[in-house]
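All chains, full assembly: derive it from the sequences and hints.
Chains as they are written, first to last, in this note's numbering: chain A, 217 to 549; chain B, 1331 to 1628; chain C, 16 to 335.
These are computed hints drawn from the structure, not numbers from a lab. It is possible that some hints are incorrect.
[Stated by the list, open to error] Straight-line distance between alpha carbons at most 25 Å, and here's what the computed DSS-like set of lysine-lysine pairs gives:
#, chain 1, residue 1, chain 2, residue 2
1, C, K243, A, K392
2, C, K243, A, K348
3, B, K1404, A, K231
4, A, K309, C, K109
5, A, K392, A, K416
6, C, K243, A, K340
7, A, K294, C, K243
[What the hints assert, rightly or not] Example chain C residues on the side facing chain B (calculated, C-beta under 10 Å, incomplete):
#, residue
8, P80
9, N157
10, I169
11, L170
12, Y173
13, L268
14, M270
15, F272
16, G274
17, F296
Positions of the beta carbon are idealized from the N, C-alpha and C atoms, including for glycine.
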Amino acid sequence: MTELLRVNDLVTQFKTESGLVKAVDGLSYYIDEQEIIGLVGESGCGKSVSQLSVMQLINAPGEIVGGEVIFEGTNLLKYEANGPQMRSVRGAKIAMIFQEPMTSLNPVLTIGQQLTEMLVLHMKMNDEAARKRAIELMNLVGISGADRRIDDYPHHFSGGMRQRVMIAMGLSCNPKILIADEPTTALDVTTQAQLLEMMKDMVQRFRASLVIVTHNLGVVARYAQRIYIMYAGRIVESGTTKDIFGKPRHPYTIGLLKCIPRLDEEEGRKLVPIIGLPPNLINMPPTCAFLPRCSYKIEKCFKEPWPDLEPVHDNHFIRCYADTKEKASESTK
Amino acid sequence: MVEKATTIQEFVEAPPRVSEWRRFGRVFFQRKLVVFGLVVLSILIISAIFAPWLAPYDPYRGDLSDSLVQPSGKYLLGTDIQGRDTLSRLIYGSRTALLVGFVTTITATILGIVLGLVAGYFGGITNMVIMRAMDALMGFPMLLLALLIAAVLGSGIQNVIIALSVATLPGYARVMHGLTLSVRENDYVLAERAMGSSNMRTMVGHILPNTLPPMIVLVTLQLGSIILAEAGLSFLGIGIRPPGAAWGSMVNDGYRFLVTNPVLSFAPGLAIMLVVFAFNMVGDGLRDALDPRLRGIL
Amino acid sequence: MTTYIIRRLILGIFILIIVTLIVFFAMRLLPGDPLVIFMGQQASSGSMSAEQMESLRHEYGLDKPVMMQYFNWLGGLLRGNLGTSIYYHEDVGKLLANRFPITLHLGVLAFIIANVLGILLGLLAGIRRGTWIDTVSTTLANIGITIPVFWLGILMIYTLGLKLRWIIPFLGYTSPFDDFGMNTKQIIMPVICLAITGLAFTARQMRSAMLEVIRQDYIRTAWSKGLKERVIIIRHALKNSLIPVITLMGIGLGMVFGGAVLVETVFAIPGIGRLLVTSIFAQDYVVIQSGTLVIAFIIILSNLLVDISYGWLDPRIRYG
Chain A
217 MTELLRVNDL VTQFKTESGL VKAVDGLSYY IDEQEIIGLV GESGCGKSVS QLSVMQLINA
277 PGEIVGGEVI FEGTNLLKYE ANGPQMRSVR GAKIAMIFQE PMTSLNPVLT IGQQLTEMLV
337 LHMKMNDEAA RKRAIELMNL VGISGADRRI DDYPHHFSGG MRQRVMIAMG LSCNPKILIA
397 DEPTTALDVT TQAQLLEMMK DMVQRFRASL VIVTHNLGVV ARYAQRIYIM YAGRIVESGT
457 TKDIFGKPRH PYTIGLLKCI PRLDEEEGRK LVPIIGLPPN LINMPPTCAF LPRCSYKIEK
517 CFKEPWPDLE PVHDNHFIRC YADTKEKASE STK
Chain B
1331 MVEKATTIQE FVEAPPRVSE WRRFGRVFFQ RKLVVFGLVV LSILIISAIF APWLAPYDPY
1391 RGDLSDSLVQ PSGKYLLGTD IQGRDTLSRL IYGSRTALLV GFVTTITATI LGIVLGLVAG
1451 YFGGITNMVI MRAMDALMGF PMLLLALLIA AVLGSGIQNV IIALSVATLP GYARVMHGLT
1511 LSVRENDYVL AERAMGSSNM RTMVGHILPN TLPPMIVLVT LQLGSIILAE AGLSFLGIGI
1571 RPPGAAWGSM VNDGYRFLVT NPVLSFAPGL AIMLVVFAFN MVGDGLRDAL DPRLRGIL
Chain C
16 MTTYIIRRLI LGIFILIIVT LIVFFAMRLL PGDPLVIFMG QQASSGSMSA EQMESLRHEY
76 GLDKPVMMQY FNWLGGLLRG NLGTSIYYHE DVGKLLANRF PITLHLGVLA FIIANVLGIL
136 LGLLAGIRRG TWIDTVSTTL ANIGITIPVF WLGILMIYTL GLKLRWIIPF LGYTSPFDDF
196 GMNTKQIIMP VICLAITGLA FTARQMRSAM LEVIRQDYIR TAWSKGLKER VIIIRHALKN
256 SLIPVITLMG IGLGMVFGGA VLVETVFAIP GIGRLLVTSI FAQDYVVIQS GTLVIAFIII
316 LSNLLVDISY GWLDPRIRYG
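Here it is, written out as structure tokens:
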């Protein structure tokens, strides 16, 4: 499988009243063609910011200050943020859909207008062809009566429907990568399931890769092939879905899994929350960011800076000093 | 069990809360223009209070032999046709401006608050009648409304105040009404009423305090408009007439002598502008310091 | 949409009726004999006998019950009879008809300039926040809302007219059909004065509306689609930011009328504003009454138009 996107040591920070917030602090990951990966982490861990950085959609007071985003051989960060090269990537090569379907569509433009403008821009279609294609796309994502509804306004659609429109928009120009930032968080559970299933089908049909950014491990369990666990602006564990769920090795991942109820668990097993609060990203100490909440910490963790990602297995990496192997296998029984 | 790592813990805790007043002060004094506004307002207030001591001459009676004198050592800003010292009239004019401004504001605010509160709280027909009346009044330009009321009532400072109060109170009533509506739906108000508080008590004790910050901002911003309107009325000769010292009428008097004595109309006009500017700047500063979210609304 | 328009229309008529009531009864509230008021100086100076006064009273219908007087007056209005001016001794309708186009000419020009320029300035300031464009535009806007309009007029007359002699003549008004060049020279300064307050308000509103809109999620979506900035501003941001600005345009029109009173006085322009002022001094209540009504009618009408355009701009209202 060829590599499509590689992010190396991405650093994005925000200037705030209280100090410099390093939302993304040395993030590295890759995406291959036609694969589905999950980027999982708590609110505030920097996962959304990281994806916005890839698209160079970060505005003041935020700033991308380091790293590379290699896509099709070029470092996207070298392009001017709103320049013609970056704009030709956005929507056409890498597309993004957002969390809030209620506010992500322009209320004064019809769905048709918002769909066709991309087709006209990137696919150089004329108005008639664009409109036909827009109706086709709406049908594909499961919006019935598309030929009538194309002239409706966003407020005529429910949240789930709007998200379908967003997905149609995202895939309309056959991008190589579709980034879905918390696509189902704002929707109810049944809609969530439908939407995810549809997204998987669409992405396969269009032969694109999908990045699902979420805080919900359950969402990625079914659909992602590889998962990245993110904490305080960095990846703390990465591996195949099977490895992450079956053999989690980073204390944070282990903690996350302990919070989730499972069908196959034994009776009487208690859900164990992770103690403590997400870290304040201002003035982070050089040591491991998870340290205050960690149950596996050793003396080395207090003295040394946060380690690099090290492999524990084939394609399975963690960022940890502690030996979690035995304890890990205990907790997943 | 987790050990508490003291050094790490410090970093994990949120930064210390800056006290609310210090933050207010910092934001408020941030912009130089706001500070400038405060300075101007202080000068205005000092002029108004200490006018008899600050003014070099009697503003109402002049020396006819010194009519239309150019700015000089004797008369810093010159004199008008009656020989009255412009500077003294300017200083005394601050009294008129402040008097009209504040009395109008107080009257309009009280009436506006009462109307808005009653309309918002009781709803139904009361609400409809009151708010429709306010809408109708608001459709009219302030100056025209004040002009017409003053036309019916006659000139003089009292009538100007009445006219301006009627012209400005709809604004307050509207804001108060909106705020009352949003506060009324709050649970704690419901709790109050469940406890048996009377309507009056609920309104005054609970709804009112929450609506104060936006009202304070609105008041400062409106003061500028009131002063401009008063100046306009005086300029037209319907407000305060000479020998009364009102900046607007001074501009009117000076207009006739524009070619020879431009200072006569320039000085009072500049005073009006500076004062209005000062009120607006301070109002902006207050709004930003109290709640920047109001920026779109007020 | 139709129900929306109809509701607004009914409201407008309702308000207009209330205004007629207020205007009518305000005049009746004045102390003294209404006949004296209506007859002006003549009657009070005692140059008329009691008989003459009684017959005049009957002629003016002042001896009938108040409510009937009101309906008579209302009826007269609807038939186009606006009364006779005490001061000018002319039919008020004719007086207004002569002066109205002049005020309209200045007012409409000022309104267009104020809003077009205001929107443009506000837009630029909003999308280039913090740059020199923003500073210039905000400063201009601040000056615009703080400067007394009549003083600006006098300043302009002094500098441009008297000292620099760039614009002569600057007082009075000649019909553009009679002498277009003269008319242009005469209206430049008054139109600028009339426009400045509205321009400032609109620019400020537009700026803050723009700032609000570009922070919205749907703008972020537009960027993520790879659109150019110009397209995003014009197609996505503009319509949304115009919504609050348009609602205030109604107030802007009112401001132009309010300013007209001052500007016409300074520049000696024979428009409705000046008529109103002179009538107030002359205590010509017939003119004041009818003039107020006409102005009220225009303002209510323009507010209605603004409301309707607001409905057109925001599809959420249009389709309910």
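Here is what the structure says about each hint:
1. C:K243 <-> A:K392: Distance of about 21 Å is within 25 Å: holds.
2. C:K243 <-> A:K348: Answer holds: K243 (chain C) to K348 (chain A) is near 24 Å, not above 25 Å.
3. B:K1404 <-> A:K231: Answer violated: K1404 (chain B) to K231 (chain A) is near 58 Å, above 25 Å.
4. A:K309 <-> C:K109: Violated - the C-alpha atoms of K109 (chain C) and K309 (chain A) are around 70 Å apart, more than 25 Å.
5. A:K392 <-> A:K416: holds, 14 Å
6. C:K243 <-> A:K340: Holds, at about 15 Å.
7. A:K294 <-> C:K243: holds, 18 Å
8. P80: violated, 22 Å
9. N157: Cβ of N157 (chain C) sits 7 Å from chain B, so the hint holds.
10. I169: holds, 5 Å
11. L170: holds, 7 Å
12. Y173: For Y173 (chain C), the interface hint holds, since the closest Cβ of chain B sits about 6 Å away, which is under 10 Å.
13. L268: Constraint on L268 (chain C) satisfied, holds at 9 Å.
14. M270: holds, 6 Å
15. F272: holds, 5 Å
16. G274: Since the shortest Cβ distance to chain B is 8 Å, the answer is holds.
17. F296: holds, 7 Å
In terms of the numbered hints stated before, the structure departs from hints 3, 4, 8, listed from lowest to highest.
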